[in-house]
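Protein chains: 4
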Amino acid sequence: MNSLCDLDKKDLLLRLRRIEGQVRGIQRMIEEDKYCVDILTQVNAIRGALKMVGLKILDRHTHGCVKEAIKNEEGDKIIDELMEVLAKFTD
Amino acid sequence: MNSLCDLDKKDLLLRLRRIEGQVRGIQRMIEEDKYCVDILTQVNAIRGALKMVGLKILDRHTHGCVKEAIKNEEGDKIIDELMEVLAKFTD
Amino acid sequence: MNSLCDLDKKDLLLRLRRIEGQVRGIQRMIEEDKYCVDILTQVNAIRGALKMVGLKILDRHTHGCVKEAIKNEEGDKIIDELMEVLAKFTD
Amino acid sequence: MNSLCDLDKKDLLLRLRRIEGQVRGIQRMIEEDKYCVDILTQVNAIRGALKMVGLKILDRHTHGCVKEAIKNEEGDKIIDELMEVLAKFTD
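Residue numbers (our numbering), protein chains in the order written: chain A, 326 to 416; chain B, 326 to 416; chain C, 326 to 416; chain D, 326 to 416.
The hints are simulated quantities; they were obtained by calculation from the structure and are not laboratory data. Treat each hint with caution, since some may be false.
To be verified - In silico DMTMM-like cross-links for lysine to aspartate or glutamate, where the CA-CA straight-line distance does not exceed 20 Å:
id, chain 1, residue 1, chain 2, residue 2
1, C, Lys396, A, Asp333
2, B, Lys381, D, Asp401
3, D, Lys376, D, Glu409
4, D, Lys381, B, Asp336
Every value quoted in this text rests on a predicted model; they were computed, and no experiment measured them.
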């Protein structure tokens, strides 16, 4: 189980479907010999959109699972796990 | 026209199709209530894969269009353009 | 008050003093007309070191202040604050 | 020799001296037990300032050394070197 309510899920799925479309769009741009810098601009847009998705999941996870675990005196393990995924997120 | 040869294109399209599949995979994980941290790990993986795509396009663009423009004494404009897209890429 | 114990502080101060020295080192490299790419390599090293400092403070803060606040039923505000600083950290 | 003119150098040295002061400021904040989130905000500020320094050096290097090398038919090696430092810069 995760900490995403139906509203979160709907929002995230919408964002991810849009990102999926953008990734397909880049494939088309490459096939059609579009200008590299325009392709890179699209890559940047997707990276930004994915970061937003990551931050939203992080937010829900912390407000949900992490808070719950801390209240049940099981906070340290889940915080270590959070920090590990965070370190990779900032790469 | 861009600086991607057929070999570059094939490699990039393969990577992007894989990324597209990973984005669909995350949607499935959300629908199936998978654990947030596992979803985040997947988000990180896609971000890394997209960065690699960006770096490869950047590399081909610099070895191709940028080099060509500099030889034709039109380097400064294309370098300014490159730096602008780079600044966003490092966000 | 923050969540840093004496041991954390000592470690962080050591790291920051080293970073301060590296920043001075870059100034010297610029004054001595060192090669740009070597300067950039040093800039990257400092950015990495600063990220590590940030991650360590983040870790202590979450294990300390955030955990404490959640136990005192004041978690949501401090988590929002954490997410805000995190969003900037990932820029 | 690098591609920095006296004006670039003066600007970069000014920025680096400011960054050095900010790094010292964080050490003071830690010694005075300032709030973690305020320290992190300062860490973010320095990271942003260092990124700007890196982008400026990158810009001068590309407009200078890289352009020159390409005109002298020695472009590919210097572009490979540029891409390598860039890949680390985007970490």
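Okay, the hints, checked on the actual structure:
{"no.": "1", "hint": "C:Lys396 with A:Asp333", "verdict": "violated, 25 Å"}
{"no.": "2", "hint": "B:Lys381 with D:Asp401", "verdict": "holds, 15 Å"}
{"no.": "3", "hint": "D:Lys376 with D:Glu409", "verdict": "holds, 16 Å"}
{"no.": "4", "hint": "D:Lys381 with B:Asp336", "verdict": "violated, 32 Å"}
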